[in-house]
Each structure stands twice: as C-alpha cells, then as structure tokens.
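Use the sequences and the hints to build the structure in full.
Residue numbers (our numbering), protein chains in the order written: chain D, 57 to 397; chain Y, 87 to 245.
Read the hints as simulated data drawn from the structure, not as lab findings. There are no misleading hints in this set.
Now the stretches of chain D that chain Y is said to cover, found in silico as 3 or more residues with beta-carbon under 8 Å:
#, region
1, 147-154
2, 167-180
3, 200-206
Quick list of the computed label-pair ranges, beta carbon to beta carbon:
#, chain 1, residue 1, chain 2, residue 2, range
4, D, G344, Y, L167, 53 to 61 Å
5, Y, E212, D, F232, 55 to 63 Å
6, Y, V170, D, D294, 17 to 25 Å
7, Y, M183, D, D269, 47 to 55 Å
8, D, N219, Y, K178, 39 to 47 Å
9, Y, E212, D, I331, 39 to 47 Å
10, Y, V170, D, N205, 25 to 33 Å
11, Y, L167, D, L72, 16 to 24 Å
12, Y, D174, D, L391, 26 to 34 Å
13, D, I279, Y, V170, 52 to 60 Å
Backbone N, C-alpha and C define an ideal beta-carbon position, used for all residues, glycine too.
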Amino acid sequence: MIALLVNSPVQADIDLNGFGSLFAGRVTEGNEFLADYPKTGIYDNDWSFTPDSTLGIQLSTYFTDEFSFIAQIVANSASDSTIDVDWLYLNYHVSPELSVQLGRKRLPLYYYSDYFDVGYAYYWIRPPADLYTWQITNYNGISLLYEKNLGDWDGSINLYYGNEESDDNQLLGLLFGVPVDESWNDMVGIVGDIANDWLDLRLSYMEGLVNRDINGVNVIKDIKQQFLGLSINLSLADLQVLSEFNNYRRPDNNIYIDTYMMSLGYQIGDFTPHITYSAFEQDINTAGNDENHHTTTIGVRWDFYTNMALKVQYDKVIDEGVIVPIKGDSSSITLGLDFVF
Amino acid sequence: MSVFTAIETNKINPSGFTVKIFCMFVLLAFTLPAGSGEAKVALIAARGSNIEVMSIRDIRRLYLGLKSTDNKSVSNPIINLQSVDLYDEFLKNIMRMTASSYKRKQVKAIFRQGREEILEVTSLKELNNHLLENKGDVTFVEITSIESMENIEVVQILW
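See below:
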C-alpha cells in the first residue's frame, strides 16, 4: 500500500473539518452522574462544563483519487490526556466499492462508536451512557470496507483486525480505585450495515483477548471476550425510532452483560424533542459483580442556525447495583451547543 | 360545455363538482412526478467531460460521498446553493430527505469514514468556473440557468 502511494503522482488536496460541543450541566437530585464512561465525564451538584465539552479536528489529505490519509484529534475536557488521537490511517480505494484502511481507527462496536464525540450528528447530548461503557475505544490495525447498492438499499461490510493498549485506563481506574492497565489483543470484527430511506439495520460482532493489570498485578491474561450488537433504526417522515441491543461476554470470568436502548424523536420544524430509555444489566456472578443501571432521558434539539444545534436534556438514572454500584441514583440537567465547521 | 359554464348555468350540482375537483387533485398528486410544473432541473458538467447518463441511485450515492459505480468519468458532486428552494427540491426529489437530515448524513460520512466534504457553491458564476476548472465534477441547476453559463453540457434532466 505504501509502495503504491510512493509510486503515485502526488496531488494532495487537503480538507479540514471540525466539530465541537460546549455543554454545562449539574446533578439536581443525587450526588453524581457518570455521563461519559470512557472519558469518565462526571457531573455533580455544581454546574460544570467539563464532562461533555469537546473539540475535534479532522484532517483529510487526498493524494490521488485512490489514496487518502485521515487524522482526527479530539480534546475533551473530561479526559486526563490533553489530546486523543482517534483516527490516523491511510485509506486506499481498491475499487469504487472496496477500500482498505491501515492505521488507527475508532473501534466500531456500537452504532455511534465511530462518531461518538460528534454530537451534531445525533439528537442527544451524548449517546445513551448505559450502552457506551467501553474502556477501549480505538484499535491499531487493518480494515476492509465494502460498500454496495442493492436496489433501494445501501449496504456495507466492514472487516477489521487490530490491537489496543491502554495504560492507566481512565474508566477502569475510576471503577477499581487504583491504576489499571488494559490491552485488547487480536481483535477480529465484522460490521454489516444495510439501509434504505426509512430503515437502517446494523449488526456488529467482535472477539478478541483481554489482558489486565490492576496496580501492577496481572489479573486477566489472554481471556477471550465477545461482543454482539444489533441496531434497528427507523425514519418514518418526521418520526425517528432508534434502538440498539448489545451483548458482551467473557465466559472464563463468568461475565455476561446486556445493554439496550429504545428512543423516539419527532422533528417539528427546527425542533426535535426526544425520549429514550436505556439499560445496562449484568448477570450476578461468583465474583459478586452485579452492575445494573438504567436511564430515562428527555430532551430537545434545536437546529437554530446552519451547522449549529442547541440542546437541552434531562437524565434520570436508577442504579440498582448493590455490590457494584456506579454512581447511585441521580437526576441531572445538561444544556449547550453542538457545532461542526 | 365547460365545467365553468355548467356551474354558471346550475346544470351540475356544485357540491358534486367540488368532489370531482378534489378527486382530480388527488389523482394528479399521485400520478404526476415530483416537481412537475416547476422549472426543470438538470445535472450538468463542463463541456467535454463525457459523462454518460447516471441512474438516480448513482447520483444519490455520489451526493452521499460515495464513488460512482455507473460512470468512471464522474469526479465530485457540487452542491448548488444559489437557490435554497432548488436545493430543497433536489434533496426531496433525488436524496429523499430534508436539509437537516442530509446535513446530519454528511457529518456522519465525514467523521465516520473520513469522506471528502461536498463543496457548496452559492453563485452561478462561481459554479461555472469551478466546473470548467474541474472537468468531471457535476452539479444540478435549473435549465433556464444554463443559458447564462459557458461551456457547459447537460448530463441528464433530473426532473
């Protein structure tokens, strides 16, 4: 791929795109609300801009019609690191329908994984937190993307392989209270998506190996994990019906988790009111893990200006975990602005 | 005898006439293509681009940021924002979505798969210059606008 690039006549077009979110929120009942699991964005009883505010820049360089280079960096005020590199890969179009990517990409487990930080692309302030509880959000490796039209349907299949290491992982550090290093190795996944004007179906499967060191002590070594996700989204005129069902399992550790959400949004002119129910349910196991929480969300998106949307959202969390509670019951309010440029 | 004369002379029941007119409108609404009766719109490119007629599905694919599968001569689609009404009609008739839905789809395509942003042009002159400088690029314009453009060829009539 690199040899092909070197031998191609260079005629680089550069595109710069960006996105941002500026949100303030606070917990109105209870003590804390974990709004963003991977970056550990937490609201408490004081107004804060930290948990959901983000700024991202994407640089796309098109060397030829076939070759491009994509880089995306994100600064999030909740994150410990100053800047995260979400994407850094070379893209080569083998044909109009088939492309291969080499480098660093977002791990496409969930429906909104790829553009989790791009709030402008969805009506919530953030995708339902009960589902997006992943500690590893990227991978370094290779992927193949095949996109095909079938009648009125647009279909795609994405195959990927990769690894990711996360030293002093933020989410696991929060949950365990001590430094945790985590690596997901030999991840092999497939994502199939088929959509027409009113229906979008997406199926995602990934399996790989987990390694974990807690406070310098290896506690998980090459344990197999599997993820299966299904999304069914409907666009019926002004009505949007969104759903997502995921199953995560690590049988050797007796860990089985179901997450799901159902959401309705209705566009009235520039306004989109919405309501969502989401849940995280873990089967209690011999280690006593019983993480279990669900959230009801009500909000409104207002597309008040080109490339900008104001949003306000109320989240009510019920935390039913007894041995492993997350942040307890809470109600919170968040409001602010999403934009792209 | 015309229907209007018939009303004036009370030879038909006016309420029956209203029903007939209503039925005629309903029938028309279901039989006429979208945008019928409005200015015709064409897909255009620079003269000499040699772009063959594309399927509506392929034009839609192009404006979603994907590569054309019908025609290798096509390079990039350009969004004509000279008239907001024309843009909305294009989205309704070809893309089958509203402006806000299309914008969100574009944002997803850019930040999900790193697709190139589709260029938006707001003046006919700028559009003309761009097409001449970028052979193979296509855009949509009202047919009446083509008279004031130079070295342009019609790829196909869209509606």
